[in-house]
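Residue numbers (the numbering used here), protein chains in the order written: chain A, 1 to 166; chain B, 1001 to 1504; chain C, 2001 to 2102; chain D, 3001 to 3620.
Please keep in mind that the hints were generated in silico from the structure rather than gathered at the bench.
C-beta: ideal position from N, C-alpha, C; glycine also.
Don't take every hint at face value.
Said to hold, decoys possible - What follows is a list of derived Cβ distance ranges for each label pair:
1. B:Pro1057 - D:Ala3552: 53 to 61 Å
2. B:Pro1411 - D:Glu3578: 55 to 63 Å
3. B:Pro1205 - D:Ala3552: 54 to 62 Å
4. D:Gly3597 - B:Pro1066: 23 to 31 Å
5. B:Thr1047 - D:Asp3064: 42 to 50 Å
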Amino acid sequence: MNALFTLAAIVAVISTTMVVTRTVAVHALLYLVVSLLAVATVFFTLGAAFAAALEVIIYAGAIMILFVFVVMMLNLDRDDADRENTWLTPRVWAGPALLSAVLAGELLYAGIAGHGTIVAAREVGPVQVGLALFGPYLLAVELASLLLLAGLISAYHLGRDSGRGG
Amino acid sequence: MMLPALIVIPLLAALVACLGGRTRANWPRRVTVGALLLDALILAELTRPVPAIGLAPGWLAHFDAPWIPQLGISLRLDMDGLSLLLLWLTLALTLASVAISWREVTAHVGFFHVCLLATTAGIIGVFLATDLFLFFFFWEIMLVPMYFLVAIWGHERRVHAAIKFFLFTQGSGLLMLLAIFALAFVHRQSTGEFTFDYFKLLHTPMSSGTGMLLMLGFFIAFAVKLPVVPFHSWLPDTHTQAPTAGSVLLAGILLKTGAYGLIRFTIPLFPDAAHRFTPIALALGVLGILYGAVLAIGQTDMKRLVAYSSVSHLGFVLLGIFAWNTLALQGAVIQMIAHGISTGALFILVGSVQDRLHTRDLRHLGGLWHGAPRFSAVFLFFAIASLGLPGLGNFVGEFLTLLGTWRVSPPAAVLGAVGLVMAAVYALLLVARALLGPANPQAVMGELSGRHRVTMAAMIVAIVALGVYPQPVIDMASPSLLHLGPLSARAAPLLHLASRQDQP
Amino acid sequence: MGAVAPANAILLAAILFGLGLAGVLIRRNLIFMLMSIEVMLNATGLAFVAGGARWGQADGQVMFLLVLTLAAAEISVGLALILLLQTRRPTLDSDVGNRLKG
Amino acid sequence: MQQLLALVPALPLLAAVLLMLAATRIGTNGVRILGVGSVALSALLACRIAVAQIGAGWAVQPFDVTLWHWMRIGDFAPDVTLHLDGLSLVMMLVITVIGFLIHLYASAYLDGDPGYARFFACMNLFVAAMLTLVLANDLLLLYVGWEGVGLCSYLLIGFWYDDPANGRAARKAFIVTRVGDTALISGLFLLATSFGTLSIPSLMQHATTSWPIGTAMPTLAAFLLLGGALGKSAQLPLQTWLVDAMAGPTPVSALIHAATMVTAGVYLIARTHVLFALAPDALLVTGLIGAATLLLSGASALVQTDIKRVLAYSTISQIGYMFLALGVGAWDAAIFHLVTHAFFKALLFLAAGAVILRMHHEQDITRMGGLRTAMPGVFVVFAIGSASLAALPLVTAGFYSKEAILGGAWDSGPSGRLLWCAGVVGAFLTALYIFRLLFIVFLGEQHRHPHGVTGWRIGVPLGVLAILAVVGGGLQTPALLGGIAIMPGILGGVFGSASHEGALALLPLVLASLVPLAGIALAWRWYGGGLASRFETQFTGLLLRGWDFDRAYDRMIVQPLMWLVRVNHHDIVDSFYEGLGKLAQRTHAGLSLSENGRVRWYAGWLAAGSVAALAIAVLS
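Bound conformation, chain A alone (with noise of 0.2 Å):
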């Protein structure tokens, strides 16, 4: 288990580190599917198979969908990619990755600093996960789904005046 873990979470890095690198929006989206299937696998090593489930289906199967969708729709060629190639220069990315390094590196010392045993991690099954959502957790259910109502709406909204050209 702790091999797949390993392996999973390097894969994670890898990918995600491609996702933010690429030049086509298509390949950073693949290697964004890769990112997301790693980490359900890490969901699935912690024991928590229902995350790993929606993490696949939802994100990596419904949210990806969306994002090749638009992809198509922009037109992107090979202009596209040349100019996020000149976007691309150093002076650009090493302050901002400098910083986000310090703060991921913040993170990681707090991980590795904060507590004190190290606990394996206990499996938490669908049911246990259903009871709380439909229990104490009922009131942020209903507004998850009025959040995504209301992102629907405004989607639909927005997605008719652009097929309208504006």
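With chain A fixed as given, assemble chains B, C and D onto it according to the hints.
Only chains B, C and D this time, still in chain A's reference frame:
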């Protein structure tokens, strides 16, 4: 009931002027004049030799009504001779402002007169209120319409000037508000009563440090208004940019609220602290006289020059107030009135130059005498009044002030007298650059209009009368200043010592 | 089979978050920025799940579910906006869209 | 009759106000009648009052007229009270009579000037102010007249306002005298604070009773009053304005120099002589200043080429004589010289004016010459005036008054002898420069022909003044020469009975009378043939510029002040507040840079903030 009427009538008139001003341009003007005359009638009724029954000696009228009794705030108005004098000055100069704006102001006539009346109402309130909270209320009320007067009808850099004016006065006003609250709390600590009543707050016992801090709070608020160097710098900008009527109101009356505040509040409320503050106040007064004069000499903008001369003149008022004797105080009061008239008149004259020639720049003027001898003669008259020629009102004020100051500090009096020499320099430079010299084809202006002429004539008569027979003014003001009598008596031994050391 | 330590998962989350942030900061193309945001959200979800696994409680996964909802809603609106922008202005450069400048 | 005293200053004042208000309506003739008539009436009234008040032995019955109470503040109660005694009577007569003659003359001199009415309004105001000055019973009222005189001099010197130079001269006159006035008003403060009153009689009484001779207080007070007097009377170091004051029309110069203004300082000291007597130091300084002024400006007069500037320096010099007299305590001699000086200086100015008028406003004497034949009348009166100024023995008024002064100086101890020497040298200089002027202008070759004739309104005043300049000496003569004592009689009530005449030694009298003759002889030798610049040394330029006082003041006072004014033109204090505003604006600009609308920057700042917050949380 007459005292609140004095304040309410202009406010009501403002409402009426505003409502009817849409269609007929002269309607607001007439309403304003009517309201001012009505006020003047009431004031004339109040100007009687015998005070009403049941009032403390020196007080002429009284009004009291509860406002926020829980906090000890009431609508308390009282009038004594000093207030009465300043109210007369207020009404007269407001009337003059209306008269000279008759033709000059054509945009938003209704709102202009609303602002004028609202300012007047605020000023009247300031001169009457004897509840500190109410006083502060009026103090702030007079600012806002004045701000609009400058910002809407002013000249080139009016917004800058208006904001500067507002920031200075508002900022210093907040200091005063703090001091007022602190004073009320100090009073409650010592007596258990929470009140803003002026008469109850007099003689509030407090430690000397507290007294000094609170005194400074009041002093700075009034010093900004007066204005005292180094708080003067809003004044030249505001005066320069304000419309003529605004300048007249500012110079003539608004500045006097500062002096009034010093006489009415700062000194009686904190006599000991104020007394310890005397050397600094005298130094500031002298500094104001000289600094204002030096700056006035260098100006090429006529309005700015007159504005700086105001700084110089009001330095005398500060000297007079902090000289701690009746002579100097009387001098300060007369100087206030004379300055109101003479500087107001100068602003009117400069305003009419600006109105006709569209410039106030002395470098482009000159030779006005050729085209307008009468105008120039009047201009010369007020310039000379402003440099303190004996026989005119300003001289009486300056002389008495300096005479009183000499008792406290001869060097201060001598330096003040040096200021008179500088006054001659700037006044004559103003005259020479504007009026004298060869005829200038670009600067030909006609004579004054009828309304201007009447206004000017009245002001000339007033300033001459003040110069040759100031006794009525002195008599009217003396009871109010005698309130300060015990203070100066208390101050006397100390001062005597000081003057001993100072005298050669 | 050795159990995975949730602490390590937290570390992974931190790294992914950092990468995502770097993406947001570095990329000028809105599409890439949105993707990077997804990465960051995902990292957050990972942290929640790891926390839940540490204590054996369902709350971590509930939170992940909520984050997921949020991501879905956000991405749908965001993509719609991108489409709109694309039709209005022929660029997805985030630096050009600075009309909100104070 | 006593109540009518108020009318003496009131008539010219009223006429001035009327002239200002109704100038355009009454026409030139109206202006003439009103302007000249008011002073004439005033002069008649003054004479009538004089006749009524002068009793046996020429003693004057003093009286007061209180017009109204000016103000009452506690104990300080100055009144508007007129006081007539011998001194003010003499001054009043001089002012009104000479003033009237000058007005009459001016009515012709200024014919056709567009500012005719304005001119007479100012002239009348001038006379009114001067009368107020001399009749005031209260120093405060005196100060009103004092400043009023300054104002009128300003208005009249700058009368031809087209030329900015005239305006500058007028401003200079006003401001320089005002410097002196500052000293005077400080003296007023001192006196009023010490005694609680400014009424002259009670001041003098208080001073004698409470201030011992030679102590600090009377000395300080006397010095302050002296400062005022120096300014008004154009004595060192405040003499510079008077020469420039020649920018005004000639009648104005005559009025300023003869009847009004410059004599005010002499009058002030004479009026407060009790105080000065308490301050020997101040008196000594007065005498020394007088002597120095006498010599310095006499020397300057030697080289001037402008006819009016010669006379101006001459006036400064002659007032120096009066100060010298005051300095040695010869009060009545000073006033006597004031009177005779008024006669001959008015005569000289008016005659010079007649010359100038007929030479097309030419004032340069190097372009004149030989006018004797064309203007015999003017020549005669000018010669009489010059003789009187030079103190030609026995036949001129100037001789008697100058002898009175020198005699007074001779009698007053060792310092007096020194001053006497200065006076004698001054007498020599006086004779030299005035006859130089006379010879250059009237003798020698004729360069230009004068035009026109001299009318009666110019001729009559000249004639009257010429007579006065001769017979004026009859007011007071030394014992050796008849011992007439009209002046001492009139002034006796004020100064006490002085008795110089008995003590006057013969030797100095003779010596002093011969000196002017020597001066005239030298002038004849040098300039008798008309124009010749004999007196040319390297000092000439310095003398011409009046010893460079102007330049020194310019360097020491005017330029530093103007530098300050220029530097501080924009108000340093204000720049502090404006700086606050600028600071706020800069801060705003800086902060709004961060608000650049670029979402990545916001994210970056967000991240930076998180980094900082985490760093605090983690590392602490």
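Going down the list of hints, with the structure as the test:
1. Remark: the range hint 53 to 61 Å for Pro1057 of chain B to Ala3552 of chain D is upheld by a beta-carbon distance near 59 Å.
2. At roughly 32 Å, the beta carbons of Pro1411 of chain B and Glu3578 of chain D sit outside the given window of 55 to 63 Å.
3. Between Pro1205 of chain B and Ala3552 of chain D the C-beta distance comes to about 60 Å, which sits within the given range of 54 to 62 Å.
4. About 55 Å separates the C-beta atoms of Gly3597 of chain D and Pro1066 of chain B, a value inconsistent with the hinted range of 23 to 31 Å.
5. The supplied range of 42 to 50 Å is broken by Thr1047 of chain B and Asp3064 of chain D, whose beta-carbon atoms lie about 34 Å from each other.
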